[in-house]
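Novice: Next come the chains, spelled out residue by residue.
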Amino acid sequence: MSIQTPEAPTTLPPAEPPKKVRTGRRSIFLRRPFFTIALIVAAGYVLAAIFAPYVAPYDPVMQDINAMMQAPSVAHPLGTDSYGQDILSRVIYGARYALIIGLFSVLIGAAGGLVIGLAAGLSGGWVEWVLMRLIDSILALPSLILAVAFIAILGQGVDKVVVAVGLSMIGPFARTVRADVMQVRVQLFVEAATLMSIPYLRVIWRHVLPNVIFPLAVQVTIRISEAILVSSSLSFLGIGVTPPTPDWGLMIAEGRAFVSFAAWMSAMPGFALALLLIALSIVGDGIREEFDPKLRRGA
Amino acid sequence: MIMSQIQTKRPAMAPNPPVFELIEVEQEFSVPKPGRSLLSRETVGLKALDGVRLSIAQGASLALVGESGSGKSTLLRVLLGLDAPSGGRALYRGRPIREARARGTGFARDVAMVYQDARGSLDPRMTVGHLIAEPLRHFDIVPKAEEAARVAQLIDRVGLPTDAASRYPSGLSGGQVRRVAIARALASEPSVLVADEAVSGLDVSTQAQLLTLLRSLQRDMGLTLVFITHDLGVASYLCEEIAIMYLGRIVETGPTDAVLERPAHPYSAALRAAAPRFFEPIPEPLPGEIPSPLDLPKGCRFSSRCPAAQDDCRLRDPQLGQQGAGRAVACLHPLTSTEAQASETR
Numbered sequence: 001m002s003i004q005t006p007e008a009p010t011t012l013p014p015a016e017p018p019k020k021v022r023t024g025r026r027s028i029f030l031r032r033p034f035f036t037i038a039l040i041v042a043a044g045y046v047l048a049a050i051f052a053p054y055v056a057p058y059d060p061v062m063q064d065i066n067a068m069m070q071a072p073s074v075a076h077p078l079g080t081d082s083y084g085q086d087i088l089s090r091v092i093y094g095a096r097y098a099l100i101i102g103l104f105s106v107l108i109g110a111a112g113g114l115v116i117g118l119a120a121g122l123s124g125g126w127v128e129w130v131l132m133r134l135i136d137s138i139l140a141l142p143s144l145i146l147a148v149a150f151i152a153i154l155g156q157g158v159d160k161v162v163v164a165v166g167l168s169m170i171g172p173f174a175r176t177v178r179a180d181v182m183q184v185r186v187q188l189f190v191e192a193a194t195l196m197s198i199p200y201l202r203v204i205w206r207h208v209l210p211n212v213i214f215p216l217a218v219q220v221t222i223r224i225s226e227a228i229l230v231s232s233s234l235s236f237l238g239i240g241v242t243p244p245t246p247d248w249g250l251m252i253a254e255g256r257a258f259v260s261f262a263a264w265m266s267a268m269p270g271f272a273l274a275l276l277l278i279a280l281s282i283v284g285d286g287i288r289e290e291f292d293p294k295l296r297r298g299a
Numbered sequence: 001m002i003m004s005q006i007q008t009k010r011p012a013m014a015p016n017p018p019v020f021e022l023i024e025v026e027q028e029f030s031v032p033k034p035g036r037s038l039l040s041r042e043t044v045g046l047k048a049l050d051g052v053r054l055s056i057a058q059g060a061s062l063a064l065v066g067e068s069g070s071g072k073s074t075l076l077r078v079l080l081g082l083d084a085p086s087g088g089r090a091l092y093r094g095r096p097i098r099e100a101r102a103r104g105t106g107f108a109r110d111v112a113m114v115y116q117d118a119r120g121s122l123d124p125r126m127t128v129g130h131l132i133a134e135p136l137r138h139f140d141i142v143p144k145a146e147e148a149a150r151v152a153q154l155i156d157r158v159g160l161p162t163d164a165a166s167r168y169p170s171g172l173s174g175g176q177v178r179r180v181a182i183a184r185a186l187a188s189e190p191s192v193l194v195a196d197e198a199v200s201g202l203d204v205s206t207q208a209q210l211l212t213l214l215r216s217l218q219r220d221m222g223l224t225l226v227f228i229t230h231d232l233g234v235a236s237y238l239c240e241e242i243a244i245m246y247l248g249r250i251v252e253t254g255p256t257d258a259v260l261e262r263p264a265h266p267y268s269a270a271l272r273a274a275a276p277r278f279f280e281p282i283p284e285p286l287p288g289e290i291p292s293p294l295d296l297p298k299g300c301r302f303s304s305r306c307p308a309a310q311d312d313c314r315l316r317d318p319q320l321g322q323q324g325a326g327r328a329v330a331c332l333h334p335l336t337s338t339e340a341q342a343s344e345t346r
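In order, the protein sequence lines correspond to chains A and B.
Position 97 (the first sequence) corresponds to 97 in our numbering; numbering is contiguous.
Position 81 (the second sequence) corresponds to 81 in our numbering; numbering is contiguous.
Any given hint might turn out to be false.
Take a look, some chain B residues computed to stay more than 12 Å from chain A by CB distance [as the list claims (entries may be wrong)]: (1) 17; (2) 60; (3) 82; (4) 111; (5) 188; (6) 194; (7) 205; (8) 207; (9) 231; (10) 257; (11) 276; (12) 278; (13) 286; (14) 314.
What follows is a list of derived Cβ distance ranges for each label pair [to be verified]: (15) 43/A x 146/B: 41 to 49 Å; (16) 202/A x 68/B: 52 to 60 Å; (17) 136/A x 200/B: 40 to 48 Å.
Because the hints were derived from the structure by calculation, they are not lab data.
Virtual Cβ for every residue (Gly too), placed ideally from N, Cα, C.
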């Protein structure tokens with residue numbers, strides 16, 4: 001259509017990629033130092049997970065009887081566990097499972113929540129009533145308890161954990177989506193589209209969905225950490241991922257018996273988990289505050 | 001250039017039925033009965049429109065004027081086919097409006113709307129270019145290749161800067177957003193433009209620009225214009241005809257100049273007198289509040305506030321009746337021109 005003018009960026013909307021925001025105002029990375037640090041930490045985890053075979057010094061499941069329960073040293077920077085497995089390597093590989101489970105279960109939860117929330121928000125009447133009572137009953141249980149129930153049905157394994165955690169997160173997603181849909185569908189531009197005799201489904205697709213999907217994407221970034229926590233709790237309880245898979249929750253559980261004289265066995269994966277969760281929360285909050293149209297509309 | 005094309009495509013259809021015709025249209029909403037007990041489900045009918053008669057001819061420009069609560073917006077929803085009237089008949093080119101709307105995209109393409117809240121009527125996640133292209137695409141008006149060119153023409157026609165197409169509504173000023181809304185309405189090449197308070201709440205200079213734009217559009221494209229406003233000055237500038245509403249009924253219609261110069265209904269006279277003028281104190285406003293439509297005064301609905309009410313006004317409800325050339329008034333004792341003068345200078 002026409003060329004972007006240099007003075008336009010301040011007027012660009014939140015939905016645009018961050019690149020354009022940066023040109024008009026001070027860079028988000030300068031304005032939010034904690035966000036930047038958290039982003040670097042989270043990116044470090046992602047890179048470590050992707051390139052685990054290259055950065056991990058040992059095979060995560062290689063047992064070495066000669067190096068059992070060694071304290072952190074040069075050879076084993078984070079020490080070894082009761083089977084002589086290198087904890088650093090296991091933590092690095094554990095990041096793979098944590099991130100995969102976190103991401104995919106949140107996507108399952110968001111997709112399910114989007115469908116149910118859209119249906120409930122748009123239908124009204126008894127359909128909405130039934131859907132929302134269903135959601136209420138899901139929300140009545142904490143997501144960990146619910147995930148335990150799903151694991152009991154599905155059985156153990158990484159894929160089962162993804163599904164169980166994902167299903168248990170549908171409830172909160174559905175509620176936020178429904179609230180957004182109810183807010184958007186009464187907006188004037190939806191009525192204007194109806195007035196133009198645009199078919200109902202196209203109005204939903206073109207005007208309701210884009211205005212709902214963005215807050216949902218923000219929710220996804222915030223809830224990844226919750227999903228990781230729930231999945232780690234499952235493996236800590238011994239019903240999630242099966243050993244010898246290098247999973248943080250599992251590692252913490254294994255080191256529990258030795259915590260009085262080999263504290264690093266539980267502490268190191270615990271620290272890795274805590275750091276990732278804090279980093280993800282800060283990143284999620286930063287993204288929400290930066291791009292949420294409700295917080296930025298006046299800006 | 002494009003406007004002339006549009007004009008040739010739509011030859012004058014002079015002897016056709018009026019574009020809109022409302023015959024005794026009523027719109028009744030049921031609302032909780034005032035003072036009902038907490039558990040009771042009693043409702044009463046609230047007549048937002050009560051016997052509206054109105055006819056809008058092809059190419060006419062009509063201003064619909066009235067206080068808030070007089071039923072302007074309800075009437076608008078009936079005109080646009082968003083609500084079915086609960087009584088009477090609302091016709092679009094001789095056919096019920098709801099039926100015309102249900103028959104396909106023809107009605108939606110022919111009758112375009114500019115909302116009072118122009119910003120709210122534009123999807124905040126679409127660029128101006130996409131917003132204007134949406135009706136083009138939906139009604140299949142231009143081939144895809146010419147879409148960008150047509151959008152640029154429309155943007156130019158409403159006086160927006162060329163680079164506006166890539167901007168978002170949130171980055172535009174109030175006046176610019178209204179121009180976008182107008183461009184979007186024009187994109188479907190309508191023959192009727194319905195504008196709800198399209199210039200209220202803007203700077204006077206912006207108002208003037210928009211009014212000039214609307215007037216030139218109306219003349220160039222032969223649009224039928226229905227303009228809802230509470231500003232008599234705007235009405236007299238833009239519209240040849242005026243319809244004044246009071247409590248769900250049209251109390252006076254006619255050519256704008258004639259009605260405003262010599263109002264026949266005491267309410268029109270009061271409205272005329274209440275408009276602030278230069279170098280003059282604001283005249284005495286009408287006494288009292290607009291009555292609740294749930295509790296209409298007996299007889300004429302204006303009798304409780306009318307400065308010229310007589311005894312029979314409180315007994316008989318006047319209907320809209322012919323009063324001089326092209327004018328109609330719903331009053332038992334319409335003002336003569338001298339009385340109108342007197343009440344104006346009151």
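Novice: Any hints from earlier that this structure breaks? Give me their numbers in increasing order, please.
Specialist: 3, 4, 5, 6, 16
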